[in-house]
Amino acid sequence: SQDFDIRGRVHMDAFIGLNNADDFQNGFNNRRARLGVNGQVIENWDGRIEVDFADGGVSPNDFRLRRRFSDGSRLWIGQYKVPQGLNELTSSNNITFIERATNSNMIADSRRMGLAYERFGRALGFKSMIFGRALGQRGDITGDMPLGGAFRGVFAPEIGSGRLHIGGSVVYESLMDQTIIGFSDRPEARDSGGGKSLIGLQINTPDLEGSFKSGLELALMHGPLSLEAEYLMVNVLMDEGDSPLFHGWHVQSNYVLTGESRAYSSGGFGTITPQNGRALEIAARFSHMNLNDSGYMGGKQSNLTLALNCYLASNLRFMANVIFVDISTRGNGTGDRTPVIGVLRSQFHF
Amino acid sequence: SQDFDIRGRVHMDAFIGLNNADDFQNGFNNRRARLGVNGQVIENWDGRIEVDFADGGVSPNDFRLRRRFSDGSRLWIGQYKVPQGLNELTSSNNITFIERATNSNMIADSRRMGLAYERFGRALGFKSMIFGRALGQRGDITGDMPLGGAFRGVFAPEIGSGRLHIGGSVVYESLMDQTIIGFSDRPEARDSGGGKSLIGLQINTPDLEGSFKSGLELALMHGPLSLEAEYLMVNVLMDEGDSPLFHGWHVQSNYVLTGESRAYSSGGFGTITPQNGRALEIAARFSHMNLNDSGYMGGKQSNLTLALNCYLASNLRFMANVIFVDISTRGNGTGDRTPVIGVLRSQFHF
Amino acid sequence: SQDFDIRGRVHMDAFIGLNNADDFQNGFNNRRARLGVNGQVIENWDGRIEVDFADGGVSPNDFRLRRRFSDGSRLWIGQYKVPQGLNELTSSNNITFIERATNSNMIADSRRMGLAYERFGRALGFKSMIFGRALGQRGDITGDMPLGGAFRGVFAPEIGSGRLHIGGSVVYESLMDQTIIGFSDRPEARDSGGGKSLIGLQINTPDLEGSFKSGLELALMHGPLSLEAEYLMVNVLMDEGDSPLFHGWHVQSNYVLTGESRAYSSGGFGTITPQNGRALEIAARFSHMNLNDSGYMGGKQSNLTLALNCYLASNLRFMANVIFVDISTRGNGTGDRTPVIGVLRSQFHF
Numbered sequence: 001s002q003d004f005d006i007r008g009r010v011h012m013d014a015f016i017g018l019n020n021a022d023d024f025q026n027g028f029n030n031r032r033a034r035l036g037v038n039g040q041v042i043e044n045w046d047g048r049i050e051v052d053f054a055d056g057g058v059s060p061n062d063f064r065l066r067r068r069f070s071d072g073s074r075l076w077i078g079q080y081k082v083p084q085g086l087n088e089l090t091s092s093n094n095i096t097f098i099e100r101a102t103n104s105n106m107i108a109d110s111r112r113m114g115l116a117y118e119r120f121g122r123a124l125g126f127k128s129m130i131f132g133r134a135l136g137q138r139g140d141i142t143g144d145m146p147l148g149g150a151f152r153g154v155f156a157p158e159i160g161s162g163r164l165h166i167g168g169s170v171v172y173e174s175l176m177d178q179t180i181i182g183f184s185d186r187p188e189a190r191d192s193g194g195g196k197s198l199i200g201l202q203i204n205t206p207d208l209e210g211s212f213k214s215g216l217e218l219a220l221m222h223g224p225l226s227l228e229a230e231y232l233m234v235n236v237l238m239d240e241g242d243s244p245l246f247h248g249w250h251v252q253s254n255y256v257l258t259g260e261s262r263a264y265s266s267g268g269f270g271t272i273t274p275q276n277g278r279a280l281e282i283a284a285r286f287s288h289m290n291l292n293d294s295g296y297m298g299g300k301q302s303n304l305t306l307a308l309n310c311y312l313a314s315n316l317r318f319m320a321n322v323i324f325v326d327i328s329t330r331g332n333g334t335g336d337r338t339p340v341i342g343v344l345r346s347q348f349h350f
Numbered sequence: 001s002q003d004f005d006i007r008g009r010v011h012m013d014a015f016i017g018l019n020n021a022d023d024f025q026n027g028f029n030n031r032r033a034r035l036g037v038n039g040q041v042i043e044n045w046d047g048r049i050e051v052d053f054a055d056g057g058v059s060p061n062d063f064r065l066r067r068r069f070s071d072g073s074r075l076w077i078g079q080y081k082v083p084q085g086l087n088e089l090t091s092s093n094n095i096t097f098i099e100r101a102t103n104s105n106m107i108a109d110s111r112r113m114g115l116a117y118e119r120f121g122r123a124l125g126f127k128s129m130i131f132g133r134a135l136g137q138r139g140d141i142t143g144d145m146p147l148g149g150a151f152r153g154v155f156a157p158e159i160g161s162g163r164l165h166i167g168g169s170v171v172y173e174s175l176m177d178q179t180i181i182g183f184s185d186r187p188e189a190r191d192s193g194g195g196k197s198l199i200g201l202q203i204n205t206p207d208l209e210g211s212f213k214s215g216l217e218l219a220l221m222h223g224p225l226s227l228e229a230e231y232l233m234v235n236v237l238m239d240e241g242d243s244p245l246f247h248g249w250h251v252q253s254n255y256v257l258t259g260e261s262r263a264y265s266s267g268g269f270g271t272i273t274p275q276n277g278r279a280l281e282i283a284a285r286f287s288h289m290n291l292n293d294s295g296y297m298g299g300k301q302s303n304l305t306l307a308l309n310c311y312l313a314s315n316l317r318f319m320a321n322v323i324f325v326d327i328s329t330r331g332n333g334t335g336d337r338t339p340v341i342g343v344l345r346s347q348f349h350f
Numbered sequence: 001s002q003d004f005d006i007r008g009r010v011h012m013d014a015f016i017g018l019n020n021a022d023d024f025q026n027g028f029n030n031r032r033a034r035l036g037v038n039g040q041v042i043e044n045w046d047g048r049i050e051v052d053f054a055d056g057g058v059s060p061n062d063f064r065l066r067r068r069f070s071d072g073s074r075l076w077i078g079q080y081k082v083p084q085g086l087n088e089l090t091s092s093n094n095i096t097f098i099e100r101a102t103n104s105n106m107i108a109d110s111r112r113m114g115l116a117y118e119r120f121g122r123a124l125g126f127k128s129m130i131f132g133r134a135l136g137q138r139g140d141i142t143g144d145m146p147l148g149g150a151f152r153g154v155f156a157p158e159i160g161s162g163r164l165h166i167g168g169s170v171v172y173e174s175l176m177d178q179t180i181i182g183f184s185d186r187p188e189a190r191d192s193g194g195g196k197s198l199i200g201l202q203i204n205t206p207d208l209e210g211s212f213k214s215g216l217e218l219a220l221m222h223g224p225l226s227l228e229a230e231y232l233m234v235n236v237l238m239d240e241g242d243s244p245l246f247h248g249w250h251v252q253s254n255y256v257l258t259g260e261s262r263a264y265s266s267g268g269f270g271t272i273t274p275q276n277g278r279a280l281e282i283a284a285r286f287s288h289m290n291l292n293d294s295g296y297m298g299g300k301q302s303n304l305t306l307a308l309n310c311y312l313a314s315n316l317r318f319m320a321n322v323i324f325v326d327i328s329t330r331g332n333g334t335g336d337r338t339p340v341i342g343v344l345r346s347q348f349h350f
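First to last, the protein sequences are chains A, B and C. Counted the way our numbering counts, the first sequence spans residues 1 to 350. Counted the way our numbering counts, the second sequence spans residues 1 to 350. Counted the way our numbering counts, the third sequence spans residues 1 to 350.
No wet-lab data here; the hints were simulated from the structure. Check the hints yourself; a few may be wrong.
[Stated by the list, open to error] Not close to chain B: a few residues of chain C, all C-beta gaps over 12 Å, as computed:
| # | residue |
| --- | --- |
| 1 | Ile6 |
| 2 | Phe24 |
| 3 | Phe28 |
| 4 | Gln40 |
| 5 | Leu198 |
| 6 | Thr205 |
[Said to hold, decoys possible] Pairwise CB distance ranges, derived in the manner of DEER restraints:
| # | chain 1 | residue 1 | chain 2 | residue 2 | range |
| --- | --- | --- | --- | --- | --- |
| 7 | A | Thr179 | B | Asn20 | 21 to 27 Å |
| 8 | C | Val340 | B | Glu43 | 33 to 39 Å |
| 9 | C | Ser174 | A | Asp3 | 48 to 54 Å |
| 10 | C | Ile166 | A | Tyr264 | 55 to 61 Å |
| 11 | C | Leu75 | A | Asn204 | 47 to 53 Å |
| 12 | A | Thr142 | C | Asp326 | 52 to 58 Å |
| 13 | C | Gly295 | B | Gly295 | 57 to 63 Å |
| 14 | B | Asp140 | A | Ser197 | 53 to 59 Å |
| 15 | A | Leu124 | C | Ser174 | 55 to 61 Å |
| 16 | A | Asp5 | C | Gln275 | 35 to 41 Å |
| 17 | B | Glu43 | C | Gly162 | 45 to 51 Å |
| 18 | A | Ser197 | C | Pro206 | 24 to 30 Å |
A virtual CB, placed ideally from N, CA and C, is assigned to each residue, including glycine.
Could you put together the complete structure from these sequences and hints?
Given below as structure tokens:
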């Protein structure tokens, strides 16, 4: 019984519209408040349940069972993240900016139920998954559940005292009996109302067949410096008519002023552990998402984000972001928007 | 404080309609995902809170306080199961088939708030309870809460190296100000949409007074073999007019191929603990429920279920069921149905 | 990780209308069922998450991070109680009566998100807070979140073997873009339906600016005897027109028949720890709330409550209350009410 440990995280934000921010509600927001357990069921089998109670709601996170084989590979059963996207697969405890990049939010799937198999060696690794619907989507599904397959491969050799990361992923999903697919994103910030999307579209037609997504990841770490870039695209597949293709990318650079390095393992980033009581990190990111194609006009979003992070421990940090947003070419007749947003976060986990 | 332990369970299913299964949604389903704590408050007093987050919903399970007396008897305060029905009272971690038998689902009450007193000796035991509404039913109750009383007695002598179990129960409930009572059940399987009932009825009249339920239980265990049979009936009590009586039964047989026995204690079944790394169990069940009486035509359901269970530990198992369903004589004008259903489960608890 | 402990509480009630109680639903009620964790994040920083699943619902309680400085003062970040009101700030595990006094329920704020700073010395202490909306209020807020400030000071010298407590608090809140404010309360008891308010009013006008609340607290402890009195008022601030002022007060006296004393620390009451297996306490409270002013007629409520509490441990007690309620001068045309109510509680926490 008690090889299980409690786990949890609290991410508390304050949103401040700095300029052209009439679309948003200033104030506090509880971004994440998770409680769960994690532990060994029997030798080589571990399990996890984690629920997010952010702002008094309920959303299920990892509900999973996992087997480790003698060669280090692992079989996953239950709900967890679809293997696509370096930014998506980095834990919310460890992402550099307060929100993930818009291309990641918009295209990479989050958690789904299914079966996965992964194997990560010294420099090469992969994870593949067969997945269905997400937990909590029961009421939204018509007829049979969507069914998809995903594959992500990573090549991450050490280079001197640094490391290179190259990743690629493909995801195909049949939507089965569903006739709706949608994409939208907030400007990489959630306001006190929980977030407002400025770009987005919904495709609603019986011609809808599924989607094909692919991604490319590149990262370079050397001491306190790291660089990260990611490209993601989604091709909405139709039985008849045009199959629109939407895509986005982001580039970012982090520098830890106090000299520490970001942790890295199994194809993803970890956090920073301060060596002298406190670590300071600065970072900048440019992200872009284009939701316009084949007559669909969801809009374009480009964000420049500047970040200052203060780590008191690997599990306790304070964050400040300023986000310069540029929204254009939305098909709904509303004009362009250029809000400037500030967000503060205090965050701990255990 | 820390005489309390965390507890939880995850039951993950995959539903596959094998034949005549157009009524159902193929796909994954999260049947249970519970988190809770259990422990000693002070000497002789223990408490429990457990919440089910299955598929992202919230439903309360045991919320209780319990006192153990020096003679081994116990007083229960809070919410827990009404003492009726061998199948209902067997934990969902330990039931042989993926779902309980239809007579049990349809007639036996699940958890209610109230007071109970139990005493189980070597071969004789009983539990009695005064109960009201269930947790979470607040909004469904009109006027005063329903009030009921239950009594279950068990005679379970050891016979050689085996055991006999004979049980009987009666439950009376006054519905007080309520004017609606309903009965329905799924075909002993939940699809990806959370489950669809093929038989059912609702009685809605101010003449409604309450219900009287009784049950008979019979089980026999001998080494790897166990037999189990249960009869349950409910008499809906009316101030005026006919008082319909609905009833159902099931019989089942389990055989553990690897030789282990099912655990048994305090009037109910436990699980199987593999002696050599892995236990394999086969089982068959026939169940029947008749919801037709006195002009009410809820329908009849007969299910034959074949099961194969693989236990890697007492708290980790994989299950496969095939269910041959026969639905007939429904009064709503819809015809008969004979779906064949497959369900797979992976399950752990701690 | 595992400097975190689980915590929780279960408060189970039975409501019985004794006289003139047609407004209420007799039966059981689950008043609180909380699960959470509390612990040290790193040295001098502690965190807490706690969620209430009472009756199957979900409501967030403390979600917070706290820093202790070397002088004993503390900085709070997240959601927790606004510092106003002795009765409100006494934990629900430790309040003498089954519900708090009506003036406390009606006027003192409960939990809000914000920043607070507190310092409590031997006899003098204070806590101040800047606060916004509560967790879970996302959907109820129009435009920018309300913003408030609170200050509470306490003077609590030891006098011989006893203690005096004098407290005062002020809270100002700007409602920003909100145009509604409401006040209502149950008769210091929750029925099986979760509670029914007999007095209340709602003010809905764009003239609404905010509110100013102030409170005075007085308590005296000497051995098994304690006296407690509290006055609270709220002035609803309007840009134009009358700014109504509502107010209420309560006085109460506790006597522990078995001789123990109520615990006290940091400006609030703790519980009673039985010295010989069981402590018995009797108490009486008179409370009054006046919701009539400036043409607003929410009604008046006066309650006399008699209590008998039995403590088996500091974290396990049974409570019985009889409440004589007097409701009058409601502006909605309904007449006066004088229900007499009985409530029983069993309660444990860990």
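Here's how the hints hold up against the structure:
no., hint, in the structure
1, Ile6, "violated (5 Å)"
2, Phe24, "violated (9 Å)"
3, Phe28, "violated (4 Å)"
4, Gln40, "holds (14 Å)"
5, Leu198, "holds (17 Å)"
6, Thr205, "holds (31 Å)"
7, A:Thr179 to B:Asn20: 21 to 27 Å, "holds (25 Å)"
8, C:Val340 to B:Glu43: 33 to 39 Å, "holds (38 Å)"
9, C:Ser174 to A:Asp3: 48 to 54 Å, "holds (51 Å)"
10, C:Ile166 to A:Tyr264: 55 to 61 Å, "holds (58 Å)"
11, C:Leu75 to A:Asn204: 47 to 53 Å, "holds (50 Å)"
12, A:Thr142 to C:Asp326: 52 to 58 Å, "holds (56 Å)"
13, C:Gly295 to B:Gly295: 57 to 63 Å, "holds (59 Å)"
14, B:Asp140 to A:Ser197: 53 to 59 Å, "violated (36 Å)"
15, A:Leu124 to C:Ser174: 55 to 61 Å, "holds (58 Å)"
16, A:Asp5 to C:Gln275: 35 to 41 Å, "holds (36 Å)"
17, B:Glu43 to C:Gly162: 45 to 51 Å, "violated (32 Å)"
18, A:Ser197 to C:Pro206: 24 to 30 Å, "holds (29 Å)"
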